[in-house]
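The task is simple: from the sequences and hints, build the whole structure.
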Amino acid sequence: MRIIAPEEITTAVEELAVRASIDLPGDVEEALACAEEAENSPLARYALRMLVENARLARRERLPLCQDTGTFHLFIDLGEGTALPHGCAEAADEGLRRATAYVPLRSSLVDDPLFARPDRGNNTPVLIHAGEGGPAGRARLSLMAKGGGSENAAQLFMLLPGEGEGGVEKVVLEAVRAKGAHACPPLIVGVGVGSDAAGAIEMALRCLLRTLGSRHPRKALAALEERLLHAVNATGIGAAGLGGDITALDVHIEEAPTHMASLPVGVALCCHSLRRCHVEV
Amino acid sequence: MGSRIHPPDGGGADVTEVRLPLTREVRESLRAGDRLLLTGRVLTARDQAHRRMIEALERGEALPVNLRGEVVYYAGPSPAPAGKPAGSIGPTTSSRMDPYTPRLVEEGVAAFIGKGPRSPEVRGALLEKGAVYLVGVGGAAALLGSRVRAMRAVAYDDLGPEAVYELEVDGFPVVVAYDLAGGDVFSHLG
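Sequence lines, in order, name chains A and B. All residue numbers for the first sequence refer to the numbering used here, where the first residue is 122 and numbers rise by one. All residue numbers for the second sequence refer to the numbering used here, where the first residue is 572 and numbers rise by one.
Warning: the hint list may mix true and false statements.
Stated by the list, open to error - Part of the chain A face toward chain B, derived, beta carbon under 7 Å:
| id | residue |
| --- | --- |
| 1 | A168 |
| 2 | E174 |
| 3 | Q188 |
| 4 | T192 |
| 5 | D240 |
| 6 | H250 |
| 7 | A299 |
Please keep in mind that the hints were generated in silico from the structure rather than gathered at the bench. Ideal placement from N, C-alpha and C gives every residue a C-beta, glycine not left out.
Given below as structure tokens:
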């Protein structure tokens, strides 16, 4: 059994946090450029053009893509024969402290959420989601930086089991109509179906790791993704909420077993600045 | 008011260059959907600064910065990298400031810059006092930061990114969201 060294985690998180913050992933940048081509509203096209320019400028000048440099999520997928060290969380936090000072990133996390809300100064803690499925003898580390404005648009719906895909479509559109314009569209919509309340939200978040344009391997879910994407774009919210044809760059669904009494549906709306990258250690 | 020029992005519509402060006459001339490039002074304030300002007003104290005729920008900048006047600085979600906004309108704010739609109460207060609401493109923060020539904290600097900063902007792109004729760029949202 190989135990990953804490220093490897620190170095990986530092490098990933810097890269995620300033270098928009290729699939996202391409989706924004395609949206600009497809958009018919001049104001929304103006906003999309600005976002494509913003991505180029951020990369060239090594500036944060967004002043809200976000809450950092680390997804660890362990491969066969690998394990995490004791002190993994502190190792990840140290990497984020270094990245925050280096770029520099805004410090966006506060303590004492109910009362004084003093700034923590370094963006820690990294929120860690550990699982399996990485390559044998290695671990895949994926980092995502998620802004507060779009996080505020997350919703959980506990549907009746019989509400089925019609129910899912209804609540996804409800979430988008209620909060989409505040969450920096064009959005990436993650939908977690099944598990329990916490699990549905977790799956919705994980959906955001998927490459834009990819479809779920199950045909029924792939078709639902397409249908939801079409329906979300038909709301007409448009880029920056200014009205237009492109409200979402993609919709992704993940599913998991659930209780016979339940149909939990978690909906995560991510802003267009979908900042994620990964590395293997 | 400033001159009509062709936008750098070739988007087709005109962009108007506007020098701040935004006089009543200029505010009257703006229409929802107009694209502006602002040059001059704006003051940042977001959640915590709003909370403190409203608490100060409730105690009968003066604000640490006179807001009469000023442009208030809902934003919390990332730190300036070495050798640059500012970091990334895009708008944050305006609706979180809705409960505080009518009171600040009474203090004489000329315009607010943020992102996304506002409450009916805010729209009413803006119309009544002759203030306009402008929006930036959320997430275009590196681009918007590159239009900031100087930045300094002028109040509540213990709040870090939530302090009140005075920004000198040059060609800062915004869209008119709520004008003084009742126009609303978000009317399609219903």
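Status of each hint after checking the structure:
Because the beta carbon of A/A168 sits about 5 Å from the nearest beta carbon in chain B, less than 7 Å, this interface hint is met. About 6 Å separates the beta-carbon of A/E174 from the nearest beta-carbon of chain B, less than 7 Å, and the hint is met. Interface hint status for A/Q188: upheld, as the beta-carbon distance to the closest one in chain B is roughly 4 Å, under 7 Å. The beta carbon of A/T192 is not positioned within 7 Å of any beta carbon in chain B (closest approach about 14 Å), and the interface hint is therefore violated.
The beta carbon of A/D240 is positioned within 7 Å of a beta carbon in chain B (closest approach about 5 Å), and the interface hint is therefore held. Below 7 Å, beta-carbon pairs count as interface contacts, and A/H250 has none with chain B, the closest being about 24 Å; its hint is therefore violated. Proximity of A/A299 to chain B is violated relative to the hint, the smallest CB-CB distance being about 10 Å (cut-off 7 Å).
The structure fails hints 4, 6, 7 (numbered hints given earlier, in ascending order).
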